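In order, the protein sequence lines correspond to chains A and B.
In this text, residue positions in the first sequence follow the working numbering: the first is 1, and each later residue adds one.
In this text, residue positions in the second sequence follow the working numbering: the first is 101, and each later residue adds one.
It is worth saying that the hints were derived from the structure and are not from the lab.
Keep in mind that the hints are not guaranteed to be accurate.
30 Å max Cα-Cα, derived DSS-like pairs, lysine-lysine [as the list claims (entries may be wrong)]:
| id | chain 1 | residue 1 | chain 2 | residue 2 |
| --- | --- | --- | --- | --- |
| 1 | B | Lys-272 | B | Lys-299 |
| 2 | A | Lys-16 | A | Lys-84 |
| 3 | A | Lys-84 | A | Lys-31 |
| 4 | B | Lys-272 | A | Lys-37 |
| 5 | B | Lys-254 | B | Lys-272 |
| 6 | A | Lys-31 | B | Lys-254 |
Computed far set for chain B versus chain A, every beta-carbon distance over 12 Å [what the hints assert, rightly or not]:
| id | residue |
| --- | --- |
| 7 | Pro-130 |
| 8 | Met-145 |
| 9 | Asn-219 |
| 10 | Gln-221 |
| 11 | His-232 |
| 12 | Tyr-265 |
| 13 | Phe-289 |
| 14 | Asn-363 |
| 15 | Gln-366 |
All figures in this text were calculated on a predicted structure; none of them were measured in a lab.
For glycine and all other residues, C-beta sits at the position ideal for the given N, C-alpha and C.
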Amino acid sequence: MATEYSKLSPYYTTNKFGQFLDVLNQRPIPKNANDVKFTINAIYQFRPDLLANDLYGDPALWWVFVMRNPNVIRDPIFDFKSGKIIFVPTSETLTTALGI
Amino acid sequence: MFDLPFTSAPNFGSTLKNLAGTAVTALANPVLSRLTSSGLLPGGMSRMPNMPGTSVRFINNAESGNSIDWKVRISVSPSSGIFYMAGGELLKPLTALGNGFHGVIFPYTPQISTSYVANYQQMRYTHSNYTHYAYENSEVQNLTITADFTAQNKQEALYVLACIYFFRAATKMFFGSGDHVGNPPPLVFLDGYGEHYFKNIPCLVSNFTHTMPPDVDYIETSGTEGGSPNVYGNEEYGVSSNTRIPTVSQMQIQLLPTYSKENIAQFNLNDFSQGKLIDRGFI
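Take the sequences, apply the hints, and build the full model.
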């Protein structure tokens, strides 16, 4: 059954058994020609939540960067290092992909 | 005493107000401050203006009232009645370039190498300190053109496909059945960069290489286009079968400048040096 996690959560589509989560059902973020290429700087190093807050107004979307850049970021926090080049999804893409 | 900039009370007040305003703005909106210093905009929006759907303009400059067209173009004679001049859907994009222009127009500035050679035979005299040279002949060697092609939509994919077929065909002789059987591959004409660089140079296509890269997306031509005016003119064109074309690819073409005996007999070096023979295709 679906969980009570919000649509902003990476676990929104993951099933739940009792108090336990099932295997993670990923929520992919599609590529878009308008996605901006961004070199992570010292301000946002290890802070995807801060970047999500600044870009989309909600730190709960911290996980969208790893879903959009799976070849660059494996660990959503500690791979978010200064100097790495990632693509930043637009808020329109998130609206469409996540239904928010 | 030093003459300080904030000596008059009104100036000091306004400057302080401005400084305070900037500081307050930065303090009041740290999000915007962080994004600005990172080169980002709220919502992940691009700083670049939106690009139109068709960003590559194949249409000849002359169509927009400019009498000089700088683009590099390879075409067949309009009166030849071959290839795109013989009709057909596949090569139709090459005829719809606007203002009567036809042929392959390179959408991006290609790299062109031209080599002009004078051949001399070495005369090695016995017991001589220096070599003497006897003139043999001069030649214009292969013209090598390396060009990038992109296809961002169906129309551009059809154009790239037409270019590929044009150069494929230009390396083959008329054989088997049909018109002109027994004739060698046709002459093509090279134009580009204005009046005095390449103007109607008669050439043979000796080599054509199209590289299909493995690391780019491919776009489908997917059927006959129809319904709305296309980027090349008002006529619609298309092919009925689906084909996939790389969004970015590179073509390499080798051309051999060639002249008839009749043309060569009219050569005059002084006229050539003054650019008077460019109308006859001499380079």
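To see whether the hints hold, each was checked on the structure:
1. B:Lys-272 <-> B:Lys-299: Since the Cα atoms of Lys-272 of chain B and Lys-299 of chain B sit roughly 24 Å apart, the hinted pair holds (cutoff 30 Å).
2. A:Lys-16 <-> A:Lys-84: 34 Å, violated
3. A:Lys-84 <-> A:Lys-31: 18 Å, holds
4. B:Lys-272 <-> A:Lys-37: 45 Å, violated
5. B:Lys-254 <-> B:Lys-272: 28 Å, holds
6. A:Lys-31 <-> B:Lys-254: 20 Å, holds
7. Pro-130: 9 Å, violated
8. Met-145: 6 Å, violated
9. Asn-219: Non-interface label on Asn-219 of chain B holds, nearest chain A Cβ at 52 Å vs cutoff 12 Å.
10. Gln-221: 58 Å, holds
11. His-232: Non-interface label on His-232 of chain B holds, nearest chain A Cβ at 62 Å vs cutoff 12 Å.
12. Tyr-265: Given that every Cβ of chain A is farther than 12 Å from that of Tyr-265 of chain B, nearest at about 28 Å, it holds.
13. Phe-289: Its Cβ never comes within 12 Å of chain A, the nearest being 37 Å, so this holds.
14. Asn-363: 50 Å, holds
15. Gln-366: 54 Å, holds
Hint compliance for this structure: hints 2, 4, 7 and 8 are broken, all remaining hints hold.
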